[in-house]
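Full structure from sequences and hints, please.
Protein chains: 2
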Amino acid sequence: MSVQITREADYAIRCILHLVGLDGGMSTVRNIADRESIPRSFAAKIVQKLTKAGLVESVRGVKGGFRITRSPEEISLLDVIEAVEGPISMNICVLDKKSCDRQPQCPVHPCWVEITESIRERLGSYTFERILRESGR
Amino acid sequence: MSVQITREADYAIRCILHLVGLDGGMSTVRNIADRESIPRSFAAKIVQKLTKAGLVESVRGVKGGFRITRSPEEISLLDVIEAVEGPISMNICVLDKKSCDRQPQCPVHPCWVEITESIRERLGSYTFERILRESGR
DNA sequence: ATATATAGGACTGATTTTATCCTATTTATC
DNA sequence: GATAAATAGGATAAAATCAGTCCTATATAT
Ligand code: SF4
Ligand code: SF4
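So the sequences go chain by chain: A and B.
The numbering used here numbers the first residue of the first sequence as 533 and each following residue consecutively.
The numbering used here numbers the first residue of the second sequence as 533 and each following residue consecutively.
Just so you know, nobody snuck in bad clues.
Remember, identical chains collapse to one label, so a pair may be satisfied in a single copy or spanning two.
Below 35 Å or equal to it, Euclidean Cα-Cα: the simulated DSBU-like pairs (lysine-lysine) are:
#1 Lys581 / Lys595
#2 Lys595 / Lys584
#3 Lys581 / Lys630
#4 Lys630 / Lys584
#5 Lys577 / Lys595
#6 Lys577 / Lys630
#7 Lys584 / Lys629
#8 Lys629 / Lys577
Honestly, the hints are just simulated from the structure, not real lab data.
In structure tokens, the structure reads:
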């Protein structure tokens, strides 16, 4: 199962997909969760993280909710995943060299640095504009 | 931490690196574990998996141990990782479409299929011959 | 005032990761 | 044949992470 994104990240992408679809309109957690099949209280945690990352903004109180802050071509899968999971990497030594004392001589370490960079690039290339365009909406 | 390979997979790569370095020679679990800084009993489990996957072969009894079965250009990081972790994918729906009932209409699903294939390709391109060559041995 | 929303932290159960340990089996050597 | 050194494989367990809930505080439209 490893090397997979978490349910939280998958849910976060659904949230953004939902809000992008509203074209700047607002939606409540209840709405997002129900429409995107996400447990309500879990969805609440997730949109909070998305808010802190600046991908969405929140309005409190009656008539409150969340709305997207950027246009679909300015948000990528990488943005959303890293908003909820933090910086991603293929091996622990990429983010923290000191985590492994073999790193200085390790012949595999550079591979993970390169593969991580390549994945981040690819995830970054999938903007929501592109995702929707390629799926035909 | 998600999207990372496990310690088990990292250890497995160290095991193969060790055996490749012996150029067809044999080594015991004790030897591999001690030289590659892997807990002994964990290393024992790992080389068993590598044996089942056909990457190494085992000899039982006194003077027994493990030796590599292929040349370094015929073993890639992908081979080793999938030997211990099974087939990898970036999201659950890639390996098992039925795991998510949104899959048929999901605009993101094709992204994960494509990204998974791209990662598998890149991991497959890192043979141990290449890893050693690029590290300068 | 009240009802409806988000903010945020504490908590929990389930699952996975990261091992350890034990018994059985194989085999070289004395 | 006995013995010592090795792998095979299953059972078990501690720790960490994941997935999700719950509760209180705060904001705001009506
Ligand atoms: S052994 Fe090499 S690849 Fe593995 S964690 Fe250490 S530095 Fe990274
Ligand atoms: S929502 Fe889409 S991307 Fe996420 S698991 Fe389901 S099919 Fe896959």
